[in-house]
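Q: Listed here are the chains, written in short residue letters.
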Amino acid sequence: MFLKRLLSNDMPRSRLLAVLLVALFLALAFAPFLFPGVKALSVAAKILVFVVLVASFDLLLGYTGIVSFAHTMFFGIGAYGIAISASRLGPDWGAVLVGLGASLAVSLVLSFAIGLFSLRVRAIFFAMITLAVASAFQTLASQLSDFTGGEDGLTFKLPELISPSFEFAEEPFLGVSLDGRLLCYYLLFVAAVVLVLAMLRIVNSPFGRVLQAIRENEFRAEAIGYRVVVYRTTAAVLSALFATLAGAMLTIWLRYNGPDTSLSFEIMVDVLLIVVIGGMGTIYGAAIGAVLFVVAQSYLQDLLRMGSEAASGLPWLAALLSPDRWLLWLGVLFVLSVYYFPTGIVGKLRARRASAVR
Amino acid sequence: MKIEFDWKPLLLVPVLALVALPLTGSFSTWLTLTVAGLAMGMIIFIIASGLTLVFGLMDVLNFGHGVFIALGAFVASSVLGLMGDWTGSQELWRNLVAVFPAMLVAMAVAGAVGLAFERFIVRPVYGQHLKQILITMGGMIIGEELIKVIWGPAQVPLPLPEALRGSLLVGDAAISKYRLLAVAVGVVVFGLLAWTLSRTKIGLLIRAGVQDREMVESLGYRIGRLFVGVFVVGSALAGLGGVMWGLFQQNLVPQMGAQVNVLIFIVIIIGGLGSTGGALLGALLVGLMTNYIGFVLPALTQFASIFLMVAVLLWRPQGVYPVANR
Numbered sequence: 001m002f003l004k005r006l007l008s009n010d011m012p013r014s015r016l017l018a019v020l021l022v023a024l025f026l027a028l029a030f031a032p033f034l035f036p037g038v039k040a041l042s043v044a045a046k047i048l049v050f051v052v053l054v055a056s057f058d059l060l061l062g063y064t065g066i067v068s069f070a071h072t073m074f075f076g077i078g079a080y081g082i083a084i085s086a087s088r089l090g091p092d093w094g095a096v097l098v099g100l101g102a103s104l105a106v107s108l109v110l111s112f113a114i115g116l117f118s119l120r121v122r123a124i125f126f127a128m129i130t131l132a133v134a135s136a137f138q139t140l141a142s143q144l145s146d147f148t149g150g151e152d153g154l155t156f157k158l159p160e161l162i163s164p165s166f167e168f169a170e171e172p173f174l175g176v177s178l179d180g181r182l183l184c185y186y187l188l189f190v191a192a193v194v195l196v197l198a199m200l201r202i203v204n205s206p207f208g209r210v211l212q213a214i215r216e217n218e219f220r221a222e223a224i225g226y227r228v229v230v231y232r233t234t235a236a237v238l239s240a241l242f243a244t245l246a247g248a249m250l251t252i253w254l255r256y257n258g259p260d261t262s263l264s265f266e267i268m269v270d271v272l273l274i275v276v277i278g279g280m281g282t283i284y285g286a287a288i289g290a291v292l293f294v295v296a297q298s299y300l301q302d303l304l305r306m307g308s309e310a311a312s313g314l315p316w317l318a319a320l321l322s323p324d325r326w327l328l329w330l331g332v333l334f335v336l337s338v339y340y341f342p343t344g345i346v347g348k349l350r351a352r353r354a355s356a357v358r
Numbered sequence: 001m002k003i004e005f006d007w008k009p010l011l012l013v014p015v016l017a018l019v020a021l022p023l024t025g026s027f028s029t030w031l032t033l034t035v036a037g038l039a040m041g042m043i044i045f046i047i048a049s050g051l052t053l054v055f056g057l058m059d060v061l062n063f064g065h066g067v068f069i070a071l072g073a074f075v076a077s078s079v080l081g082l083m084g085d086w087t088g089s090q091e092l093w094r095n096l097v098a099v100f101p102a103m104l105v106a107m108a109v110a111g112a113v114g115l116a117f118e119r120f121i122v123r124p125v126y127g128q129h130l131k132q133i134l135i136t137m138g139g140m141i142i143g144e145e146l147i148k149v150i151w152g153p154a155q156v157p158l159p160l161p162e163a164l165r166g167s168l169l170v171g172d173a174a175i176s177k178y179r180l181l182a183v184a185v186g187v188v189v190f191g192l193l194a195w196t197l198s199r200t201k202i203g204l205l206i207r208a209g210v211q212d213r214e215m216v217e218s219l220g221y222r223i224g225r226l227f228v229g230v231f232v233v234g235s236a237l238a239g240l241g242g243v244m245w246g247l248f249q250q251n252l253v254p255q256m257g258a259q260v261n262v263l264i265f266i267v268i269i270i271g272g273l274g275s276t277g278g279a280l281l282g283a284l285l286v287g288l289m290t291n292y293i294g295f296v297l298p299a300l301t302q303f304a305s306i307f308l309m310v311a312v313l314l315w316r317p318q319g320v321y322p323v324a325n326r
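If you read the protein sequences in the order shown, they are chains U and L. Going by this note's numbering, the residue at position 72 of the first sequence is 72; the numbering climbs one at a time, nothing skipped. Going by this note's numbering, the residue at position 95 of the second sequence is 95; the numbering climbs one at a time, nothing skipped.
Looking at chain U on its own, in the form it has when it is part of the complex (with noise of 0.2 Å):
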């Protein structure tokens, strides 16, 4: 079977969830046709991006067991990669090449180094660690002016081809101008799908069943013989290598990049929403779970806007449902989804099924 080979043999094991996820394939393959518009575009490679940091991320929280918060870190690195050899050395293909390629060593060898040293000794250092590095390294991306752009960020111009100026033909088809937009937003497709198949391999292999045994149990695959910081850390590294091209893809999409675009806090804590709500331990998760999200995200706000208004007679209530207030919301949804709702979405449909079957 075809099908099975591509999807590394993980199938979404519930009708459900199978039928949910071709018609989300179906809807990002054709969104500049079936959703026209800029904002509407602009919220599909939203969704993209997000597929690919979210499913990085699962491989480390969900696959691994272990708490990162530097993961924006490495998503911001791609993403300044390519905005800085793009400003520097102009729109070419070479110079975005160049940065993809300086961005993945400077992961690497950060996330390398960060696992090893506080793997080695127990799980938990990792998270307060990560949590320190990427502070510090949110202050130097902003203090850093010359080199980054500081808080203003670098605006900067990509090669002709895939820069919303380019038309390749005159006539709109169906509706939908051909321009180096749309060509850029299938840019992103065919990276996004290439990556998250290529993750689905990794948990699926071999290795990932050690990641998993680790996650269940650190104790007993010690003892069976695998090297526990060794796979851990190669976790840490391939999940920090994905967010890192997952950078990149934002940043290409934008063609601008600052400090709050992709290193900021609320990011990390958008990306670790969306894996518990989506499931923590499915790649799958990650791909439903980005796109209520941003949909949400994107739309769900003027709701709150909304709600403020309405509540306006009681100050109090008007404060707690103001949209700056959002993170507060997405913060209860959050515990809230930890405790009743561990498995998340991709879980709970899986255990429906399993049940009927039963």
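Keep in mind the hints are simulated off the structure, nothing from the lab. Think of the CB as a built atom: it goes at the ideal place given N, C-alpha and C, for glycine as much as any other residue. Relax, there's no trap hidden among the hints.
Part of the chain L face toward chain U, derived, beta carbon under 7 Å: (1) 130; (2) 141; (3) 142; (4) 262; (5) 265.
Derived list of chain L stretches under chain U, where covered just means 3 residues or more per stretch with a C-beta under 8 Å from a C-beta of chain U: (6) 132 to 138; (7) 146 to 156; (8) 300 to 312.
Assemble chain L onto chain U, guided by the hints.
A: Coordinates of chain L only, in the frame set by chain U:
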């Protein structure tokens, strides 16, 4: 059995100070920086002590600890704001009378919120580190947003009382008055903690509970309540630390909890997770390092404590005073 005291880590403080001596140039600058660093270390110790207590005794890694620190600082700003007559006075005793209730109220509020936090956030996930990290991080986000709802998202000034401003000149070195107060409070906190844990019956029970919970329970003690008490004390200490840190920075932002979190994590990693003495040592080292690097190479200040942590972990991967049974 008498365990021989491990004195080697204690040497780190004078060694670090001596290494910095030629780098800073003049002796009086060095003395000023050293005293300032030690005092800053004492403030950091006050905020870190609650975290290390909770981790060492209850094995709960509380990423939400920063929220209690921020809460303490914001409560203090409200209390001191109400007592403007006293803080504005030139007399030292009136100022201290104003700061003292601010500390008490901050500790009480942080302790009470800690009680709720323990009950609703932490209790369901005892013994599961991964979920603890996630849940307490969630609690941190909620707490920070609630602080924004109550005190507003903008920066809040927290000026020092009149008589605590400025500094004393001892020889050539300038020592700020507030730092002296911080050292005094830090010494009291450390003394009380060490005394309670090693010399009182409650301390004995807590230590026994850490070693073998079931055994203590079978002897008829309610270890659960005792541990809740530890969590409340840890939160209250964070509140006190928040007051000290807030007066030290003189400006409060709602995100301060997250910023301080990073600092205290480094401190307790250096000290060995759960060790009170280690936390004191780690805090002093971080305080000194931050002041020296801040003077010599200001651009690297953020990384100073991370370098320090890396160096210490290379030497002792578990921190300087590892807690034996974990």
